[in-house]
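Here the protein sequences line up with chains A and B, keeping their order.
All the letters of the first sequence, read from the start, carry residue numbers 1 to 305 under this note's numbering.
All the letters of the second sequence, read from the start, carry residue numbers 1001 to 1142 under this note's numbering.
Think of the hints as simulated: they come from the structure by calculation, not from any bench.
Treat the hints with caution; some may be incorrect.
Claimed, not checked - Simulated crosslink set (BS3-like; lysine-lysine; CA at most 27 Å straight-line): (1) B:Lys-1084 x A:Lys-266; (2) A:Lys-76 x B:Lys-1084; (3) A:Lys-21 x B:Lys-1084; (4) A:Lys-266 x A:Lys-23; (5) A:Lys-23 x B:Lys-1084.
Bear in mind that the values here come from a model prediction, so they are computed numbers and not experimental data.
Each chain, letter by letter, is given below.
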Amino acid sequence: MAVNAKRLERVGRVTSTYRRKVKWSAYLYLLPAFLLFGVFVVYPVVFNLVLSLNRWNGTGPAWIWAGLDNFVRLFKDRVVSVSLRNSAIFVLGHLVSMALGLILAVLLKPPSRGHSIVRTVIFLPAVLAPTIVAVTWNTIYNTSLGPLNAILRALSLGTQDWLGNPQLAIWSVAFVGIWAGLGFPMIIYLASLQSINPDISGAARVDGANRIQEFRFITLPLLRNTHLVLLMLGVIAAVQAFDVPYVLTNGGPFNATSTLTIYTYKSVVSLSDFGYGAALSQFTLALLVILTLAQRFFLREREAN
Amino acid sequence: MQRRGRFTVSLSAVFLMIFTVIFFLPVIHGLSRSVSPPNGIDNYLRVLQDQRLPRYFINSVIVSGGIIGLTMFSSTLAGYAFSKLEFPFKNVLFYVLLITLLVPFSTLIVPLFLLVRGLGLYNSYLGLILPQAAFAVPFFTV
């Protein structure tokens, strides 16, 4: 035993000195990753920052210095505020997806054949290409031929112009987001649920907790990190949302379903307003960094308690 | 191991069944649209006979293969360095790399287009592979 302990100690010391020793070769290992990062991420971001301070129509050689004009315009732009509201609605939709995903995960946890079918079906939209999702729903929402309105007509309820009504369109888009976005949180929750030690819930059961109390006081708190990661990914996706709303509504009607990325794209591609597009995307980037840092900060706060 | 009342089990089964059916309807709708009149199954025959389709498929294989290869090469190296080696600014570099995940693609479209054209990679596989690999690296390093 004594010999063993000594050997263990020696091994421990060797590994710790090995670990503490600065390895300059590490930079060599990082070189390929940072080379790609530098050329294709850092350079474009800096380029974009400079572009956002100019006016440029994309073809002419001249960049006209505009200072902060683009950003001043951005803060007064109604489409920007509508886009932010839409992203907030998408975050709400993501919260619904998370809640439903959690409920489904809890129900689907015990393995059975029926459950695996349900799991597959619900995960299916998550692996469909976003354009396919959008095209399918476009036909479903179709005012005159779509099955949704056909059902409403059959029940003699009023039909709706799901994507054409500026007040309604964003909710229709958000619903598609919930449909397509439910599979991912469900799978993540399932994986996290399966990693919870059954002894803990067993102990709660012995202490007289019923099913709901067990869920509320054991399962939910243990999944805290999962909630936070899913929320963070959802916020990023909501701010960057592009493909589904773009194909479904093209940001319309009257920009009612626009998002920051769609507006950026339109400014650059349709309006050839490169400077303003650059300013918009720079604003999006800043917003994302702030939101992510804020979430990290609150996460730390709660951890400290 | 867990004992459940028969009532809870059937309640959950009913809920799941209804939910699954509602969830599946749009997919069925999409499928039925693809074979509905006037063209019926001809739509699929046309897709299979389309001359351009093999080309598109090969393009996808080449591009995704290139992205995977390059990403695996650089992320395994970087991942090894971050997890096993000690060096100055380790944490700073890690978070810097993670910022990539936050950059919206729209920020980069215009500069990337000009950059790729400037490097003479416009209209080539490499022009598609390199930027996308750069975007995938931080994700797989984590």
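Against the structure, the hints come out as follows:
1. The hinted pair formed by B:Lys-1084 and A:Lys-266 fails the criterion: a straight-line CA distance of about 45 Å is larger than 27 Å.
2. Our distance criterion of 27 Å between C-alpha atoms is broken by A:Lys-76 and B:Lys-1084, whose separation comes to about 50 Å.
3. A C-alpha spacing of about 11 Å is found between A:Lys-21 and B:Lys-1084, which places the hinted pair at or below 27 Å, so the restraint holds.
4. With a C-alpha separation of about 48 Å, the suggested pair A:Lys-266 and A:Lys-23 falls outside the 27 Å cut-off, and the hint is violated.
5. Proximity of A:Lys-23 to B:Lys-1084 is assessed by CA-CA distance (about 10 Å); at most 27 Å being required, the pair is judged to hold.
Figure legend: structure checked against the earlier numbered hints; hints not met, in rising order: 1, 2, 4.
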